[in-house]
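Protein sequences appear in the order of chains A and B. Numbering follows this note's numbering, with no gaps: position 51 of the first sequence is 51. Numbering follows this note's numbering, with no gaps: position 109 of the second sequence is 109.
Fair warning: there could be bad hints in the mix.
[As the list claims (entries may be wrong)] Here are the simulated SDA-like pairs of lysine to any residue, each with C-alpha atoms no more than 20 angstroms apart in a straight line:
id : chain 1 : residue 1 : chain 2 : residue 2
1  : A       : K25       : B       : E37
2  : A       : K25       : B       : G24
3  : A       : K25       : A       : A45
4  : B       : K98       : A       : E38
5  : A       : K25       : B       : A33
6  : A       : K25       : A       : E38
7  : A       : K25       : B       : K98
8  : A       : K25       : A       : T40
9  : B       : K98       : B       : E109
10 : B       : K98       : A       : A45
11 : A       : K25       : B       : E109
12 : B       : K98       : A       : P199
13 : B       : K98       : A       : P181
14 : B       : K98       : A       : L206
15 : A       : K25       : A       : R41
16 : A       : K25       : A       : A56
17 : B       : K98       : A       : P197
18 : B       : K98       : B       : L118
19 : A       : K25       : A       : E44
To be clear, the hints were calculated from the coordinates, so they are not data collected in a lab. Predicted, not measured: the structure shown is a model, and the values here were computed from it.
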Amino acid sequence: MLALLLVLQSPATVAPTTWDFLSAKYDADADGRISHAEYTRGVEAFARLDRDGDGALTPADFTAQAARAQGESQRRGREVQRLLMTRFQEDRVPDLGRDEMLRRLAAFDRDEDAALSEAEFRALTSWSARPAEKTATAAEANVWPNLLRAADADANALLAHAELAALFDRCDADRDGMLVPPFRARRGVESVRPDGPEPGDPAPPLGEAAWAVDRPTVLLFGSFT
Amino acid sequence: MHQNYGALAEFRLIYLREAHAVDGDSPPRAAGAPCVEDPVTLEERTALAQRFAHESDLAAIPLLVDGMDDAAGIAYAAAPDRLYLIGAAGRVLWKSGKGPAGFDPAGLEAAIRTALGL
């Protein structure tokens with residue numbers, strides 16, 4: 001709502017398109033492409049913007065079709081991360097450490113080939129899947145194919161431990177060796193409650209004088225967009 | 001609401017990480033949406049927060065800027081936008097849902113009036 005208010009009140013600040021905005025700022029040689037050298041805000045941001053992965057930012061990266069493809073890719077990424085976090089943990093706590101996952105893979109590697117077969121995955125899953133997931137048979141049938149699609153780089157219908165480690169690393173955006181639920185995704189900060197404090201809870205600190213001691217204080221959280 | 005209740009309650013505007021920065025994880029989808037880059041330093045974030053407050057006609061409200069670790073946004077589960085009412089004892093009296101769907105100014109006003117005994 002804050003953003004909507006802004007759009008209605010400040011039309012002068014609205015750039016026509018994302019490409020117009022970026023090209024005006026970064027396309028120094030005006031060749032219709034923004035190269036790595038021209039872009040100054042880091043390789044991670046460049047990679048997010050380079051939706052077609054051709055190594056340059058162009059208008060094609062900002063079409064509706066490119067946005068849909070990026071959204072679908074992000075959805076698949078979240079689903080794969082959820083699969084890892086619910087199927088490979090040792091202790092039924094949703095956090096998943098890289099070493100923890102590799103220990104689980106080794107424990108269920110019955111033929112000791114450093115790869116996970118579907119049968120080994122089923123044995124592993126029968127221990128770790130929660131009851132609700134065990135009964136969701138239709139969705140369960142898709143889990144192994146989805147993991148293969150995400151990680152089986154050599155297409156041999158086995159998930160080498162190295163392939164799963166590589167998948168883990170792709171999901172581990174902050175490279176700290178841990179996958180954690182989204183609400184705790186920012187390293188080093190934990191929310192007491194995933195949906196924030198409830199009425200009656202102490203308000204989490206916001207610095208000195210964040211609220212008055214003699215009357216109520218309204219906190220309005222928001223951003224531009 | 002600030003004009004109506006500003007003499008009886010405190011107001012704080014807390015600027016969070018951009019929800020739909022063009023270079024963020026969730027870029028803007030709607031045509032004509034503002035083009036804003038995700039600040040990479042606290043100085044950038046503070047400058048954008050001040051622009052946000054000014055252009056949103058909220059400059060009269062004291063502004064706080066969340067740190068680059070997003071500690072406040074996470075602790076309050078406040079992204080993309082959210083309202084809280086904190087009592088004099090430092091405890092939560094009321095909170096809205098997460099915006100934009102949960103943003104609830106009418107609920108906030110009712111909670112303020114209840115807290116003030118109006």
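Taking the hints in turn, this is what the structure says about them:
Simply put, K25 (chain A) and E37 (chain B) have alpha-carbon atoms about 11 angstroms apart, close enough for the 20 angstroms limit, and the pair holds. For the proposed pair K25 (chain A) and G24 (chain B), the alpha carbon gap of about 17 angstroms is at most 20 angstroms, so the pair holds. Of the pairs offered as hints, the one joining K25 (chain A) and A45 (chain A) holds, with about 15 angstroms between alpha carbons and a cut-off of 20 angstroms not exceeded. Restraint check for K98 (chain B) and E38 (chain A): not satisfied, since their Cα atoms lie roughly 37 angstroms apart, outside the 20 angstroms limit.
A threshold of 20 angstroms between alpha carbons decides the hint, and for K25 (chain A) with A33 (chain B) the separation of about 17 angstroms falls inside it, so the pair holds. The straight-line distance between the Cα atoms of K25 (chain A) and E38 (chain A) is roughly 9 angstroms, inside the 20 angstroms bound, and the hint therefore holds. Note on K25 (chain A) and K98 (chain B): the hinted pairing is violated, with a Cα-Cα distance of about 33 angstroms set against a maximum of 20 angstroms. For the given pair, K25 (chain A) sits about 10 angstroms from T40 (chain A) by alpha-carbon distance, which is consistent with the 20 angstroms threshold.
Pair hint K98 (chain B) plus E109 (chain B) holds up; C-alpha atoms about 17 angstroms apart against a cutoff of 20 angstroms. The hinted pair formed by K98 (chain B) and A45 (chain A) fails the criterion: a straight-line CA distance of about 26 angstroms is larger than 20 angstroms. Our distance criterion of 20 angstroms between C-alpha atoms is broken by K25 (chain A) and E109 (chain B), whose separation comes to about 42 angstroms. With a C-alpha separation of about 15 angstroms, the suggested pairing of K98 (chain B) with P199 (chain A) holds against the 20 angstroms cut-off.
For the given pair, K98 (chain B) sits about 18 angstroms from P181 (chain A) by alpha-carbon distance, which is consistent with the 20 angstroms threshold. As the CA atoms of K98 (chain B) and L206 (chain A) are separated by approximately 19 angstroms, the hinted pair is consistent with the 20 angstroms bound. Under the criterion of a C-alpha separation no larger than 20 angstroms, the hint pairing K25 (chain A) with R41 (chain A) is consistent with the structure, at around 11 angstroms. For the suggested pair K25 (chain A) and A56 (chain A), the alpha carbons sit about 15 angstroms apart, so the restraint of at most 20 angstroms is met.
The suggested pairing of K98 (chain B) with P197 (chain A) holds, with an alpha-carbon distance near 13 angstroms, which does not exceed 20 angstroms. Taking the CA atoms of K98 (chain B) and L118 (chain B), the gap is about 26 angstroms. The hint is violated against a cut of 20 angstroms. At most 20 angstroms may separate the alpha-carbon atoms for a hinted pair to count; K25 (chain A) and E44 (chain A) meet this at roughly 18 angstroms.
Violated hints, listed in ascending order, are 4, 7, 10, 11, 18; each of the other numbered hints is respected by the structure.
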